[in-house]
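Chains A and B supply the protein sequences, listed in that same order. In terms of our numbering, the first sequence opens at residue 189 and continues consecutively. In terms of our numbering, the second sequence opens at residue 189 and continues consecutively.
Among these hints, one or two may not hold up.
Since the list gives no way to pick one copy over another, a pair counts as held whenever it fits inside one copy or between any two copies.
[Stated by the list, open to error] With a cut-off of at most 30 Å between alpha-carbon atoms, the simulated DSBU-like pairs for lysine-lysine come out as follows:
{"id": "1", "residue 1": "Lys221", "residue 2": "Lys193"}
{"id": "2", "residue 1": "Lys301", "residue 2": "Lys208"}
{"id": "3", "residue 1": "Lys301", "residue 2": "Lys221"}
{"id": "4", "residue 1": "Lys227", "residue 2": "Lys301"}
{"id": "5", "residue 1": "Lys301", "residue 2": "Lys238"}
{"id": "6", "residue 1": "Lys193", "residue 2": "Lys208"}
{"id": "7", "residue 1": "Lys238", "residue 2": "Lys221"}
No lab work stands behind these hints: they were computed from the structure.
There are 2 protein chains.
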Amino acid sequence: MLSQKGRYALHALLVLAAQKNGEPMMIADIAEKARVPRKFLEQILLELRKRGILRSQRGRQGGYMLGRSAKEISFADIIRVTDGPLALSPCVSVTAYQRCEDCEDEATCAIRKALLAARDATAAVLETQTLAGASSTPRRTRRGA
Amino acid sequence: MLSQKGRYALHALLVLAAQKNGEPMMIADIAEKARVPRKFLEQILLELRKRGILRSQRGRQGGYMLGRSAKEISFADIIRVTDGPLALSPCVSVTAYQRCEDCEDEATCAIRKALLAARDATAAVLETQTLAGASSTPRRTRRGA
DNA sequence: TTAATCTCTATTGACTCGATAGAGATTATA
DNA sequence: TATAATCTCTATCGAGTCAATAGAGATTAA
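Please construct the entire structure, taking both the sequences and the accompanying hints into account.
And the structure:
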């Protein structure tokens, strides 16, 4: 399950993705449109910015905008920031790989095999789904698979 | 990420799946072979039993055995017991569905679409991988697909 | 100069996680 | 029938995480 933070982040980013090009949007506005507690959202946006998913402008007339084009921000990118690796075990994580301490042989570990297949399947989907594809589509009914 | 409980459960069940037919195995033995703290394992096995994945025999000569054939116990079954639904959001969970309180329309929610695709992909893999497929195969090369 | 913003860090309460403990119930067997 | 060997159940603990709130600091447009 995603954390609340993760859900908030997805909502906020979709709001930002729907914003007219480049225009920064204030935290307060994002909070209202995405229905996220404002102070909590501040922390989330800050983290997303540090990870390059958002850019910000400080001071008057400031606000947040996407750090790169919407089609280059995948759900996987976002979820990894808010909820950590997609993988079910560190030994199959691409972004946070870590060997299991007492694993005898990674190559033959049955658990690892299964979890690796699961990770690959999940990542394949979430890396394909981007803010561009998801944002309130200018397309017709996009009943995408 | 899986919880420690989930990892322990997988290890323990693989140990049980490798056991000669029907023979009950004592908690203490499973704990040793699976390298799991014994008292913690007790709780895990108890839960797996309540969910039908294991059967037990009490008293002397007692122990645990698989609740059904190894090929009918999938990784998904196990993980759902120890770590909850595979889905990233209740609104796309098959086993624990729950509507998002403030979701305007499930049919068009972009987030839901993405998370549903992710869930389906993950479930497809984890429901296919079973204890039979994973346990130290009596097959020849054990380099199983 | 000042008001409007984002930035950073701390704090709080509730909850979960991993683990340990121990008394209770059941059963094979001597 | 007595007993030892098992599983069963519930409570407890400390550490950590999660969701949320708070407030002082830094930056910038006007």
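Verification of the supplied hints:
1. Lys221 / Lys193: within (16 Å within a copy, 39 Å between copies)
2. Lys301 / Lys208: between (45 Å within a copy, 24 Å between copies)
3. Lys301 / Lys221: between (42 Å within a copy, 20 Å between copies)
4. Lys227 / Lys301: Close across copies (28 Å), not inside one copy (42 Å); limit 30 Å.
5. Lys301 / Lys238: between (33 Å within a copy, 27 Å between copies)
6. Lys193 / Lys208: within (25 Å within a copy, 47 Å between copies)
7. Lys238 / Lys221: Classified as within; 23 Å inside a copy, 44 Å across copies.
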